[in-house]
Structure formats: structure tokens, C-alpha cells
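The residues making up each chain are set out below.
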Amino acid sequence: MFDHLLTDDQRMMRDAAREYAEKRLYPNAEHYDREERLPDDLLKELANLGYFGMLVPEAHGGMALDPISYTLVIEEFSRACAGLGITVSLQNSIVAGLLVRFGTDAQQAKYLPMVASGKMGAYSLTEPDAGTDAGGIRLSAKPDGDSYVLSGSKTFVTSAGFAHFIVVFASTNPALGSKGLTAFIVDRDTPGLEVGKPEHKLGIKCSDTRGLSFSDVRIPKTNRVGDEGQGLKIALSQLDHGRLGVAAQALGIGEAALKEARQYAKQRQQFGKPIAEFQAIAFKLADMRLKLDAARLLLDRALRLQAAGERFSTEAAEAKLFASEAANWVADQAVQIHGGYGYMKEYAVERYFRDARITEIYEGTSEAQRIVISRAVLAED
Amino acid sequence: MPTSPHTGWWDPKVEDYRQEVRQFAEEVVAPVAGQMDRISEFDSNLLSQMKQKGLVSLLCPADQGGRDMDSLSYAVAVEELSRICGSTGITVAAANSLGVYPVDVFGSPAQRSMVLPGVAQHGEMIVFGLTEPGAGSDASGTRTNAVRNDKGWLLNGGKCFITNPHFADWIIATAVTDPKGGPRGISSFLFRKSTPGFSVGKRESKLGLHGSDTATLHFEDVQLEADAILGPEGEGFKQFMKTLDGGRISIGAMALGLAQGAYEIALRHAHDHLGLTGGIDEAQGLQFKLSDMATRIEATRHLVYNSAMLKDAGRPFAKQSAMAKLYASETGHFCTYEAIQILGMEGMLADNRVERHFRDVKLCEIGEGTSEIQRIVISRYILKEVEQMTAA
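Respectively, the protein sequence lines represent chains B and V.
Position 186, counted from 1, in the first sequence is what this note's numbering calls 186; the numbers after and before it change by one each time, with no gaps.
Positions in the second sequence are counted from 1; adding 1000 to them yields this note's numbering.
Only chain B is shown next, with the shape it has when bound in the complex (with noise of 0.2 Å):
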């Protein structure tokens, strides 16, 4: 990820998602935020352009990229904006990676194109009382004929409010716990699915994040995805793709709040000179810089894995975890070199330091990355 090892073509992908977020998302992440929403022609636009396709083949339509081209194109979003950048990396590497490591051709060929065109998706595992611990999935599929139906509920399911289908996960076999869960898709129309009304949050306001509620919702066998029981391998191969997605809108937050900060250091001038000659900022411009390059390595070394087709679970989860905790500290120092004016809304340092607390809660907190890598850790001998 760092310039001199990208090939050409990554090189490209980087730069032309640099100068699209510049000019379209930057200018527009205040308002967004203010709204608490994305507005549908930008959607249709980042459609238009591919975005949500990057990971789907192409002869249904996307572009296949490899996955440093595609984490650099997420990060490049998430500068400009982290809510948009969660919103692409959703649909990305959440919702049409898992029908192509897990959909069967007629899944793949129906939903594929459906997310590359625009037509997007959801996913949705975590409830009120199974969070960190997926074993405690109340939502229940009892198989029916040629169905099954689904009943309980989901909660903070990211752009539930515009997808046209929902993968989501629950439980064939509560007796079996995490081990009785299978993964099905509810196309957004089908009677007893209700959406919720839009949470408000601290940060990325723009993304849209709902409770789902599935009363006798009937859908038919085929939309299982892989076999009954198959879901927690399923949703904890999601994860790692989802943590790198995270890692780089980490980095993404970080590399935005530190330009800021470097800017206005050099620019703002107390006591006879700017505030970036005296060492209290300039030793944390420093530490910003350390720890967002580390998270950056970190992140090459799982991509260059994931790409190379090796095992990635404990680097992803060490990506995520160094990244989310780099992104929240330089966010944070980037307000507290701001002063007065980095409490501002005016200011974007504001917003990122909002923007940054999620990326250390989704896709497994911070904590759980410790158990990942600690069970690691233990194996290693």
C-alpha cells in the first residue's frame, strides 16, 4: 500500500478514487454528515462508476480488482468521507464477497449485478443481546416445504434503509448455539420484513444504520447460502474481509485528520512563530505519522496475503485493531492541535474524530481483535 511497492494499475485505481473523492465527496462530507444521509444520485453515480462492483467478477459486471486496488480505493473514500467509505466497502467486500466465496451460481448470477448496478445489499448478524458473542442469534429459520421462515430480530444493519435484499444470519438449530447458524437472503420486499427508523450516532451520520424485524418471513431453500450450519464459518470469513475494510477506513480518517493537522500547524501562529516549530506538536505530527505508517504495514502484510491466497484471520484482526487505535489517537490530537477551532463543527478535524470511534466497535471491537490475536499468539509454539 505504500506507493513504491503498488503496481501501475493499483497506482491508477488509487489516484483515480483520490480525484473523484476529492472533488465530489470532500466538498459535500459536512452536509452529508448534517443530513445524516447519502444522497441517491451520488449512489447512482458511485454506481455508474463501478464502485460497487470491485469486487464482483466480470462477467457479472464488476471489475474484479485485486485487494490492494480495492482497500486503496476504500481508504481514498474514507478520507473524504468515512461514512460513504463504509457504505462502498459494504457492499464490496461484505455483501458481493460473500456471494462469490459462498453464493451458488444462480445466487451469484441474480445478485452480482444486481450490487454492481447499484441495487444494493445489507448484512446483518448482530441483535440486541449477540454482539460479540454470535452464539446468542435469537433470530430463528424453521424449514417449511420448500422455505423456511424466519422470525425475531436485527439490530444496526448498515444501509438497510435502501437494499433491495438483506444477507442475514440465523439460527436452524438453537440447540447447537453459534454452531446452528446458516446464512439466508431476504430480498427487501418480502412480506413480514419490517425496517426500522434511522439510528442517530456519533459518527459516520451518514451511513444509514436500522433495526430489521422478520415476522413468518417466508423465503424459499435456494436462498440459503451454503449448507444449514454453515453460517458462523461463513460470517467469520466475512469478518476478515470486513476488518481490512475497516483497517483502511481507519487509515483513511487518520491520513485525513493528520493533513489537517500538519496544515493548520504550519499555518497558525502563537507566541512569534506557527505552532508546528514548537516540539509539543511537532512530536505528536510525529507519533501521527508513526502510527498511521505502522497501521499501513500491518495492512499491506494481510492484503499481500489475502491477495497471495494464504490464511489472513490473525493479520486482518491486528490491521484492524493498530489502525482503529491510530485513527482515534492522531483523530483526537488533530482536534487538540486545533484548539478552540478543532471543537467547531466548521472544522473537519471535528467530524473525524466522530468518524473514528465506530472503526474501533464494527466488525468485532477492539477487544475481540485481542482475542483473536491472543488465541494466535498461543498456537504459535
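Hints listed in this document are in silico derivations from the structure and should not be mistaken for laboratory results.
Taking lysine-lysine and the DSS-like style, the derived pairs with C-alpha atoms no more than 25 Å apart in a straight line are: (1) B:Lys259 with B:Lys291; (2) V:Lys1319 with V:Lys1242; (3) B:Lys273 with V:Lys1238; (4) V:Lys1242 with V:Lys1384; (5) B:Lys44 with B:Lys110; (6) V:Lys1180 with V:Lys1151; (7) V:Lys1180 with B:Lys273; (8) V:Lys1202 with B:Lys345; (9) V:Lys1193 with V:Lys1053.
This one's a predicted model, so the numbers in the text were calculated from it and none came from an experiment.
For chain B, the structure is supplied; the task is to place chain V on it using the hints.
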């Protein structure tokens, strides 16, 4: 046994007063705190109840009909209000520490009796204007100026990030009276808000403390009488340094309250929903976070109360108040941050109080001297101490 959750070597009467403010905070402030944050406006009914309760005039001296509250009880009041609502805490902290205090301490007998009885009896509020776009950490960048004329002083310029101006009745503003005088060229002025040429700009949109009123002040040929100057000419710099020494205790108390409020919610969540009881086999990642939060809050409380008690005893307290403000605000940041972490996604939601406290407490690391400025202040004291030890 006292019912107060906090015990230490301070006067137990303080804990009785805590219960009184806590009741007000829980019964009167809590029901409107979320709404004030959402609509970015202080509740006018709450403000009148705060005035009735004397919360905006706690530091008013007895000789002007005031309550003359000690610094420790005052810190506890700000702490308890902030435990429920940071905007309420800072409104009280600014009105007292930055408003009442300088008039009481630096005002002439005529100024004190002109301003303070209205504060004590009717809850009139005084606003303190120091910061300017070019004068943040470095007050020598002050551009607002006061020029002597035959009627007194002509004031021009402006201030930014000022707390409470829309509620104010009186204004204190620093201005350059001698452009060549450096820090000794700055003086403070005290005048009625209704003085022609003075105006308050629009309310700022902020990261947190949405209920708290923050706005710009504008001075366009504000004609002041000769006796509008607060204390002697050229003392403005010294005055606000001294004012901020005390103000830092109240910002420390505010951060303490915000930390306490978030911590209590996280503790309750960990106990009721995550099943934590303190056993050896539980999620230590969460257990230890809570232990660290509780420990830092306890340390903060001692730092804040100790600097208040030093001030009450008439002893030097400026180093301690800088330390208290620095440590309290960083503790507030830590505790609200970890409270969100313990609550997970729920902690991110705007209708959850930890989300609000997280945004609110960030101000404590910036206002009344950033954490960087506190570290400079502390370094000056400790390096002076080592010099004195060398000399002795």
C-alpha cells in the same frame, strides 16, 4: 454512615451539599439534557430554575448578598451537574469562575455594588471575553483595543468561543490599552450588555456541549465611561491568569462529573448485561477497564478537591489546579472513551448518555488553557521549585 458514594478527608457537610445538587441534577436537569443536546439550545426553564437555586451566583460574596460558597462545595456542584449534563456544568462554571470571581476580586467597591447584588438576588450573569481568533493560547495576540477619549474609553474589536453571552447581563472583555506594553498593555473592562455598539454573534455549532451557549462578541465603537476599567490599567493579563487559575478547578470538576456519569453507566451495563461480578474467570479486558476508570476518577477527585481546599485555605494552588485540570480532562476522555467501548454499538447511539459525555468532555482538554498550556504552566512551577532548591 453517610449515604454519599464519595468519602475522603474533606468536610462531610460537602457530601450533604452534594446530595442537594445531585437531586436537582437528576430531577430537573436530566429530563431535558438529551433534548438540549439534540436541538443545540439551553432550556430556558432550566436556566430560570438554576438562577432560583442560586447556581449561577454561588461565588457571590456575602457583603453583596451572595452565598459566598467555598471552592470545594462549588467544585462539587459543578461535578454533580456535569455528571448528568456537561452543558449545565459549564454554564455554571463559566458564570461563577469567569464571571462572578473577577468582578468580586478585581472590581472597585462601586463596580462590585453595581453588579454583584443583581447577580446574587436575580441571577444576573456576567460573561468573560478573552479569546480572539488570533489570541488563543497566546493572549498577546489580542487585537481588541480600548482607546482613551474625553468620555472614557472607546472599545473596538471582537472575541470568539465565548460562553454564555446570549444569557448575559454584564460583559467583561480584555483589550489592548497600550499597544507597546506587551502583557502589561492589556486591561479588562466591565460594562452592561446593553451598551450601544456591543453585539453578540451567532451561536457556534460544536462537537459537544450543544446546550451550552458559545458565540462571538463584537465591539463597534463601544463608548465606555472612564470607570468601566476593571482594576488598574495594564493589569488585564495578570487578572485573567489569576481568574483561569481558579477556573481550572471548575473545569477539572466538570471533567470529573462527566467521567463519573459515563463510568456509572458502563459499570451498570457490565454488571447487569454482561454479568460481571468481579470473579477471576470473567472478561478481564472489561473488568480491568472498569478498575482503571474507577482508580483514575478517584485520583482526579483528590486532585480537584485538594486544589479547591488549598484555594479555600488561602494557600498557593495554581500548580495544583493546572494539574487537576490536566489530569481530570484526560481522565474524562479516557473514561468516556472506554465507557463507549464497554457498551459497544449501543455506546455509539446519540440517545445514550455516554455518547454525549464523550463529545462534551473533549472541551475540557481545550478550554481555559489546552492540555499543552497546562503542561507549560506546570513545568514553570516545578522548574522554579528546583531553582529555589538549588539556591537554598
